[in-house]
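Fit chains B and C to the supplied structure of chain A, relying on the hints for placement.
Protein chains in written order, with our numbering: chain A, 1 to 359; chain B, 360 to 940; chain C, 941 to 1255.
What the hints contain is simulated information worked out from the structure, not anything from laboratory work. A virtual CB, placed ideally from N, CA and C, is assigned to each residue, including glycine. Keep in mind that the hints are not guaranteed to be accurate.
[Unchecked claim] Here are the simulated DSS-like cross-link-like pairs (lysine-lysine), alpha carbons at most 25 Å apart as the crow flies:
1. A:LYS42 / B:LYS937
2. A:LYS274 / A:LYS264
3. A:LYS220 / A:LYS160
4. A:LYS42 / B:LYS661
[Claimed, not checked] Residues of chain C placed beyond 12 Å of chain A at every Cβ, according to the derived structure:
5. GLN965
6. ASP1004
7. VAL1083
8. LEU1114
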Amino acid sequence: MVQYLLRRLLSSIPVLFGILIVTFIIARVIPGDPCRAILGEKATAEICERFVHEHGLDRPIHEQLFIYMGEILRGDFGESIRYSMPVTRLLIERLPTTVELSFAALLVSLIVGIPLGVISAVRHNSWIDVVTMVWANLGVSMPVFWLGLMLAYVFSLLLKDTPFWLPPSGRVSAGIPAAPFYDVWNLNVPESGLLLAFYQFVGRLNILNAILTSNWELLKDAIVHLILPALALGTIPMAIVARMARSAMLDVLGQDYIRTARAKGLRQRVVIMKHAFRNALLPLVTVIGLSLGGLLGGAVLTETIFGLSGVGRTLYEAITARDYGIVQAFTVVIAVFFVVLNLLVDLSYSYLDPRIRLE
Amino acid sequence: MKRNLFVLLSMLLIATVVLAACGGGAPATEEPAPTEEPATEAPAPTEAPATEAPATEPAADFEGRSLMAADCDSAGIIQGVEATGQYEVTFTLCQPDPAFLPKIAFSVYSIYPEEWLETTAGDEGRTSEGLERPVGTGPYVLSEWNRGESITFTANPNYWGDAPEAETLVFRWSTESAARLLELQSGTVDGIDNVGPTEFEVVSGDSNLSLNERPALNVFYLAMTNTFAPFDNQAVRQAIAKGIDRQRLVDTFYPPGSEVASHFTPCAIPNGCAGDPWYEFDVEAARAELAEAGYPDGFSTKIFYRDVVRSYLPQVSNVAQDIQAQLRENLNIEAEIVVMESGAFIEESSAGRLDGFYLLGWNADFPHPTNFLDYHFGAANPQFGDQSPTYSDVLAEAAQIADPAEAEPLYVEANNAIREYVPMIPIAHGGSATAYRADVTNQQASPLGNESFAIMDPGGRDVFVWMQGAEPISLFCADETDGESLRACEQVTEALYTYEINGTAVVPALAEVCEPNETLDVWVCTLRQNVTFHDGTTFDANDVVATFTMGLDASSPLHKGNTNVFEYYDYLWGLINKPAQ
Amino acid sequence: MINTEKKVKALDAEALSLNSVSLWQITWRRLFRRRSAVVGIVILGILVLIALTADLIAPYDYDDVLIGKEPVKARQAPCIHMLGCPQDQPQHIAGIDGNVRDEFSRLIYGSRLSLMVGFSTVSFAIVIGAVLGALAGYSGGWVDNSIMRFMDVLLAFPSLLLAIAIVTVLGPGLINALLAIGIVSIPAYARVVRASVLSVREMEFVSATRALGGDTMQVLFRRILPNALTPLIVQGTLGIASAILDAAALSFLGLGAQPPLPEWGSMLGAERNQVFTAPHLVFLPGFMIALTVLSFNLLGDGLRDALDPRLAHIS
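Next up, chain A with everything else stripped away, as it sits in the complex (with noise of 0.2 Å):
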């Protein structure tokens, strides 16, 4: 276990390392320089030459590479152009919006399409079935961008005046107080460093902070505000989820242990929950990790039709306007995120079926 851990982080070593040239070398050969998307249309050549001097952008690309890879290996994600901020800031304040989202829109594909494909399959080929199947099918189909329109139509337009009004955009109202916990347990906040970064953090992750200060009007509100782009963005993750779990537990139902299960008298919700179900959970697994990984893809699509500024709308708006630093750092993130995720997804293989070694 502990080898086989070993062999694969020193694998990712390589990948992580093309990650970051990659990263580097697509940033770099983007045609046009920070300069007029940052300072706007009206600097002159003589500006922005200032400005590309000021950046250290005219030095040699082999020596901002090194610079670059130098930077990164001591922690440091270097700085926004646009907003001359460490990116290592920024970071802190983008990513708990879609920390935020993406779990949300997880939860959605998991609270519903888990019992959808699970019913689906245990009531194989009934009307639920048809229905599920059919909404499954359609929900893998839609582009993002299309459904968050539609619901935002029918929630925020059609639905105005009516309880079942939903916000358009934005995360929390205007006005709505959202002091972060530590002020209000009054903690000993350092001023710089890990802690005070991870302190913020979780200020940022609104529903999180708010049941953490028993702030329920901005639960409430903020709750609010998430239902939309987490429907938006949950709906492929949770029709993907269904039809593999209605898959994965159409193969177990028809095993051999399941039948003896079922002779041995035990009942049907003990046969299907105990037997069948933890063992349908592999495939499960492997698609929500994978789903996972699109969340973030489909986040820059949800995070642009509904006004939020959290990291994949802000990854792209930084690739629009050349913003070297945020487009690097982010990327590695992500990138890190998902050999992360591959490698848990791997190590849970290993805890729900007992026959599986990592070696």
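Same frame as chain A, but now just chains B and C:
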């Protein structure tokens, strides 16, 4: 299981340490030198002469600051700014500037307290305190900037003018006009910027909302670079000018309040409409002229644009497609549409390297014809290819004259020459609008985009929520350029002059008056007394000098901002002591 | 972990290929027994038909501006005579778009683009992916290692983000968007092919060919690649669905097809701010995308099940 986990954790820890050690050790040897030094160290040697220049006649107990360039070679328009009294500032110019007051009223030149400027000047740029928590004299005090979400301001209890109507002001933003309108309709915000071009009717049809049209201080033009064939032929350019139905473009793609451009400069600007109006749309004449110029069957070319919405071009791609269709129908010109990334587009077009049509426009910085005409049609601007002296010389001459009536004949001549030469085709002055809930008083739609929220009462509510198109980049607006940042800063900081509410005329703000000498190259400003900054310090002449030193003097340690480029200081005044490069 | 999944499929494919003559008949029969697959085939068939006969069906050209020709306004709602739209108004069953063109005609012509996008990106990705995968699987050693590590790097980015980055580098446009999506989907096919090559490489008929002095390249193309065909077909069909979605997303962001091309994603993206004032211009293109993607998904699922002998007892 548990033990495994423990082992795993410690392995991870070790791996991290090893990685950090390897990474930190190796590059550290050759690295620190190149990253940090050049930017900060270079200007140092030139520092002394600039700040030590003699101060004239300081008041008895007041030691006035002064900024003075050694000569006009190392300065732009402003040579020096001196505190000639505790409440008197003298601007010495290198050339007469008839637009001094409209320029000085621009919120980029807002005054900051001297001490604050010094403490927030970091090593490489302004500190985050300086970028995010501006201190000014304005009606609102910044209370919190929740990044990505909103900015909250509270009323300044010691404001020198009338106390703000709403105790709290909140800025929010959304890039989608549909989302902004929906928030307004839901009552979650009190006012929105830039109503979408197709949504004007929705707003005016809703009795809970009211629409405020913003005068169009901009121009959208279709440019042709005349160094490329066939645009090098004046007859071709004239034919195209007559062959495009500009009325159809404005009717179909522009919101109410927009107008077909009769001249490059909007008529709202003094002398803007001097000279003959633009050519009438006339397909037959256009075809005949194009045939006569040697292109009876048209030709093929390209239309370049960037997909960026501006008030002069609210529906970019629709307009581009209709121009494409018109060129084909009216003149048999086949134009391929090429969409470019914004930065690259500006770079290529302003250097005159686009070999086809391109779609661009201009928003006024200050209400003066020089801001439109001299920038675009000066002899040195290559964006349309070769400029003609028939107008560029005339414009240079007109720029020296302060009295609009005296300058008028020159602007008539220049505008007629532009119409003759057709470096581009002015198409529209695009209208835009703000919308508010109907119970908001003193609603504004400022032509220059600087709405003052202090005088608006949101129907008796305590909080005024405003929603605009984007989040400010920083709140240190001396070094920002975008309207979304500037509008937020304007609630907190003030300049010597300001623009009247909903208009373009200048009115005194922190200055009681600024007066020129006869030759327009020395301006003396008498300052308002008993004004305090949000940090409690008292406003006086040294704050003004320190602010301009920060903005203008590239060698000053105060010259630190967000980008450190101070674009508007450079572009409208010219920096002092620029590093040679 | 994707690997294991693919490997299982590859093994199935190999098991099936032993009597490949009857395989296709079996597959077809199984496919047509599945209701969802039939629905997919029917929808796809209709779409292909529409694309082929677009010139005949569409009442207008896709870039025909109606200003001055008909009394219509930009973004006018659909007017269908059968549903009570006054007879004196010109009929536009999908309304008018932002440039005063007939939206219905643009939707019709758009089917060509979407199908073209789907097929061309996936064929591109399959060809490159198959070559890389076969090379990696057949050579082994450092070649295998470096190719597959590079594929890992590509897979470590969310595909849409990587595609956005590539298009930004190449410049926006339909062809570049296709290229970007093609590049992003290469790793999936490379892995499939590598897995099947690995599983077949050591089999007796391959070693026999080699022992008989057969050309290695020939072995690769004659014997090994055909074995990878089944998983490739399944993966490819599902891949077309996601390629169309990704291309639409790129166009939505303004990076894909450029005006006046009637690409559904860009039609939707251009009018997204009109969702509350002219919802038909947002709803209809999105609906067409969903329909097309749905048909490929249904067909792909059907193919996978039909080609998988283990699922025989379920269907």
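Checked hints:
1. A:LYS42 / B:LYS937: 19 Å, holds
2. A:LYS274 / A:LYS264: Satisfied, since the Cα-Cα distance of roughly 14 Å is no more than 25 Å.
3. A:LYS220 / A:LYS160: Satisfied, since the Cα-Cα distance of roughly 18 Å is no more than 25 Å.
4. A:LYS42 / B:LYS661: Measuring from Cα to Cα gives roughly 24 Å; hence the hint holds.
5. GLN965: Holds, since 25 Å exceeds 12 Å.
6. ASP1004: 26 Å, holds
7. VAL1083: Answer for C:VAL1083: holds, closest chain A Cβ roughly 15 Å.
8. LEU1114: Its Cβ never comes within 12 Å of chain A, the nearest being 17 Å, so this holds.
Hint violations for this structure: none, all hints satisfied.
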